[in-house]
Amino acid sequence: MEDLLLCKEEHTLSSPPASNHAAESLDPVQVIRLLADRERDYDGLNPGFLKDVQRHGMEASWRRKICRWMFETAKAFELAHDTVGCAVFFMDRYLSTSSVDKIMLQLVSMVSMYIASKMHEHQPISMEEMDLLSQRKFSRDDIRRVESQLLQLLDWRLNPPTSFTFARDFIGILSQTTDVELDELFDDVMSFLQEVTEEYGSLRFQTSSLGIAAVHVLWNAKKMRPGAFIQDAIHALDIVGSDFVDCYRWLRQLYHAKYQQPRFVSVEESKSPDASRSISPTSVDDPFVAACASVPPEVLSTAGLGYESKTRAPRSPDGQGAAKRARRGD
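Under full-length UniProt numbering, think of the first position of the sequence shown as 1, with each following residue one higher.
In short, the hints are calculated from the structure, not lab data. Do not rely on the hints blindly, as some may be mistaken.
[Claimed, not checked] Each pair of labels, with its calculated beta carbon distance range:
no.: 1; residue 1: E59; residue 2: D27; range: 43 to 51 Å
no.: 2; residue 1: K75; residue 2: R140; range: 24 to 32 Å
no.: 3; residue 1: E59; residue 2: Q135; range: 20 to 28 Å
no.: 4; residue 1: E78; residue 2: R140; range: 22 to 30 Å
no.: 5; residue 1: P28; residue 2: A228; range: 40 to 48 Å
The beta carbon of each residue, even a glycine, is placed where N, CA and C say it ideally should be.
Kindly produce the complete structure, drawing on both the sequences and the hints.
This is how it looks when you write it as structure tokens:
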């Protein structure tokens, strides 16, 4: 029963690392279009589940902290970004239908990681490691029960394309059309998308829009080449949805708020037309101020949550470390 999913592993275009081998014979643009087609098959997320579903006092900060714990755990276990993206999707699907308290949220997040690792990793998280991660706060029966609930809710559809998948494949396409080194861009985009995924506001957008728009934002921020270059590449894909422009503006505002210091503008520069404007993905004139105004203030809320740490998601001193040491055989 513990290894229920191991015999049913399937590797698709979004499953690392086997996905790279599966896509070798396909044109990269065709690959990303296939992913976009499959994205439409994965629905059921309610971007307003905090108001519509949750009845136990859940706030956006709960989700942010538990997502951060998931990424930290993935780093300790050397899991791929795509795996965590799938796990977060599984968790959000559960939260879209069932109200949870803090304890249940921890269990659902752990089980989501458990399922995602069994589907997308060559060395998945074992039940023994789950015991160590939870410090045996949850029984194996608890874990199996929630696993069964999640699988039924997901209808065994366990390969959702993630924003990390779209970003990685889009950067791969860009690498074939430019001589600019993109390794640093890739690392920065993956780190940025991790923070984006933690934001409750990201649920408003398709994963394809999040992944591709994140690349666009970082490309422009780094001034790697004229914005028209990447803009043309996005148009050539012919996959972006109607939410793409709003997604781009939201990500740009989020990036500037987190990473860029405000600068003073001289009187002469302020009088120069287009001096403070950036190229939008559809050539729409969208000043940064207008973009900021379109973002709900609660998206960047930093309300506290009474977990064991005020700055990090629930994690015992020994749980994650013990599981990591056990995996290494220490």
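Open item on the list: Need the list of violated hint numbers for this structure, in ascending order.
Closed with: 5
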